[in-house]
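The residues making up each chain are set out below.
Number of protein chains: 2
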Amino acid sequence: MKLKVKDMDISSGGPLVCVINHQDAAMLDLHVMDRIKVRKEKKTETAVVDIAQSSKFVPKGKVGVFEEVINSLKLENNNIVDIAIARKPLSIEFIKKKLDGQRLSKEEIDQIVWDIVHNKLSSVELAYFVAACYTNIMTTEETILLTKSMVRHGDVLQLNKRPIIDKHSIGGIPGNRTTLVIVPIIAAAGYFIPKTSSRSITSPAGTADTMEVLAKVTFSIKKMKEIVLKAKGCIVWGGSLNLAPADDKIIAVERPLEIDAESQLLASIMAKKHSVSSTHILIDVPVGNNTKVRNMAGALRLKKEFEKIGRRLKKRVKVLITDGTQPIGNGIGPALEARDVLWLLKRDPRRPIDLEKKCLMMCANLFGMIGIKDGYRKSLYILNSGKAYSKMVEIIKAQGGKETAAEDISIGKFSHDVLSSKSGNVKSIDNMMISRISRIAGAPADKGAGIYLCKHVGDKVRRGETLFTIYSEGRHEFEYAKDVAKQGRVFVIR
Amino acid sequence: MKLKVKDMDISSGGPLVCVINHQDAAMLDLHVMDRIKVRKEKKTETAVVDIAQSSKFVPKGKVGVFEEVINSLKLENNNIVDIAIARKPLSIEFIKKKLDGQRLSKEEIDQIVWDIVHNKLSSVELAYFVAACYTNIMTTEETILLTKSMVRHGDVLQLNKRPIIDKHSIGGIPGNRTTLVIVPIIAAAGYFIPKTSSRSITSPAGTADTMEVLAKVTFSIKKMKEIVLKAKGCIVWGGSLNLAPADDKIIAVERPLEIDAESQLLASIMAKKHSVSSTHILIDVPVGNNTKVRNMAGALRLKKEFEKIGRRLKKRVKVLITDGTQPIGNGIGPALEARDVLWLLKRDPRRPIDLEKKCLMMCANLFGMIGIKDGYRKSLYILNSGKAYSKMVEIIKAQGGKETAAEDISIGKFSHDVLSSKSGNVKSIDNMMISRISRIAGAPADKGAGIYLCKHVGDKVRRGETLFTIYSEGRHEFEYAKDVAKQGRVFVIR
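Heads up: the protein sequence lines correspond to chains A and B, in order. Heads up, the first sequence is in the numbering used here, so the first residue is 3 and it goes up one at a time. Heads up, the second sequence is in the numbering used here, so the first residue is 3 and it goes up one at a time.
Isolated chain A (complex conformation):
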């Protein structure tokens, strides 16, 4: 059937979608979410069908085309395309199989991942896959197959070196910028650590957002390899690299219900690490009320699974269960966190001691994993001698940045101190409120926005003393963040 293209000027954000009028749909015996082949000259693309009841939206004889299809086929308004019925993706059958509680084979998982990567599944279909994995928990074997499949359907960094060190912190607590300290320490010690990090999704800053205050973070795999071969380490944004791209699409449909299918959390992290050929991986699992992992039982189960998958992938994996009850470090938000890190590396007295201790402990573990003794003292020496700082400057320069003094990092021009209304001890800090206020203040989009914590849990505080300071770059965000801070209970003091 020949139809005339109507550019809908809409992006689906992933799936390839076309809309046809219900009369044309009836003719082709098509229903919502069926598939059609759209052909323009020699190029063909398979798309998900949506059906328009109103002729105003898509009249008979036309096909409404979403941006993803427009781009793929290089279509223009009023182009004539040929539409034919296509089979539904094979993976739909396999998703149903998993939903029915059966195990999936390598080929079936591969097909699902291929269809995800190539945008062949609608978000509803993808949601069924996530639900299937969530309720009929994947076996370790399936998780390993999923991990390998996600790696195979993406790019891979090949360094041909050994060991290649890596670390990952499972999100959920504000601050916690360990990567920016650990990478220069490990690299200064002479080991490869090709670190990819995420930008923020739900937090005030991802490691990539913070690193971006100091250097560029968006690179190709080729350029990343150059940087790592030269500086031994890097801190780049994983999102631009096409490493295990299926993962990002899965995460998108997990958000609405905030479900984390454990198998997918495991596969997601291990796939990203596998994609950069890491051999020794340290995983930080913060446990606390408002983090991803809320209790010790969950953390221990995760630890066991990570280690099992690590063995199967022939990698050394160690899992550290750490305190996730309060933010780590003082700054929350890209610029404030970057300043913390520079202070730490430059041994400035204003450096956050909690972050430093955690980083040293993690480095000690990493050194231990590759057989180096006395890792804590070694790491502390690398820090104190200024070698870590020099290495960080080298990495920053390799990533197109320049040496910056902590004082020259631009912090939001509007600031407001939130004072304690009574004297006592800080009993707890609400991670979620800290994140929320920082985000509303403008982080991570406004690099200088966020929160600077003056007190941590256990600290003594007097009435009228500053608990934390809110920073914003815009008046409007600033007022709104102040309002939210006023309403919520951020600190508990007794």
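Because the hints were derived from the structure by calculation, they are not lab data. There could be a bad hint or two in this list.
Which copy is meant is left open, because identical chains are indistinguishable; a pair holds if it fits in one copy or across any two.
Stated by the list, open to error - Below, a list of computed lysine to aspartate or glutamate pairs in the EDC-like style, where the Cα atoms sit at most 20 Å apart:
1. Lys-58 to Asp-11
2. Lys-4 to Glu-481
3. Lys-62 to Asp-356
4. Lys-8 to Glu-69
5. Lys-294 to Glu-95
6. Lys-389 to Glu-475
Since the structure of chain A is provided, determine the placement of chain B on it from the hints.
Just chain B now, kept in the frame of chain A:
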């Protein structure tokens, strides 16, 4: 935050959706599928958020509004609306609870149904609900709560009569137009049978599509009540009646994977029956390879559940397990089926005997349920005496139609006989192919399109004899249907 309305000229087909620019979204700390309150003057509506990365799609300062929201708030382009963060629907938590394998309470199920009816859930969220019910099978108790809740959140037909008779056939086999025979027989016997039927979703004709050849089928509840009080029976389209509207929305997200959560199938049917206050309900469960219920074990389980729920709802429910291996009746498609029914009621020799026998057997069961003996003979008498036909004419007239001779029903002007390539016995007929060819020929949109079967399973056939005839109203559909019939194996002859 004040934003200017951009009418997107798109309908979501249900959920209330607004799109805002990623910069505005960051400011409000909003993510995809979060909820916002949209206020225009005194009216407020809660909508699902989608986020535009491109300013071309939705620029900063604007809010892209889908038709459902436009209509609800009576918005126009460039209206200024006030946007505020809203909580996610409560039911999202309950859906997650079910996904975690827990039981839902009455209040929780009520909240989910309320949110579904009021379009508060996105299709991804609804898919999670279906998946949750599918994998963590609902208890009978939960199914009953869901049934009652779906009834409560919709309109109800109150006749204040007893008994009120009803029947339902679980779909999947072509033809099978028992309703159009059973309703006039039961009504002619003096009993109330307020039958609501569906239009086709995936089949060549729903009962409502077929009845529409003879009379109107779209009525309000009030008008339906008038018809039933006058003629004792009716055959109207359920879709226009707002009976258990949550059900239709659930079915929409089940289609992509073709999953039928059993609890939802049960709740769906029982809710529709409960909504018209039926007291005695006969359920026809055809079993066959290409039907909804594929084996006896599944049919028996369904039978048990139906009867259990019936008891709990204080209704007499009887389930008949019937042969679903081949089409019932000769005509497939609205006009061809209507002609079969008129022939049957008028005792024309061309009437389909298989359909007649099935209807008589079902009527006998219905009479038995209300304590009337010798129901088969009674039904046959009502048929043979012409009383069923007169009653059908009365119902047709009450529904705004007029008496029509079977010969005056307009059948597609293009026709093609498909001949047998060999002699033998008909071993099987592929239900799916029969449906598919009929739909492609134009059914149910083109009333006169479809298939007329000349042979059934068990019949002898000679080489060159007609197996079935394809009818179409348009040349294009006709050619395509012939092609499909040529490729597929519709009849197996040995």
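message = Please list, smallest to largest, the hint numbers that this structure does not respect.
response = 3, 6
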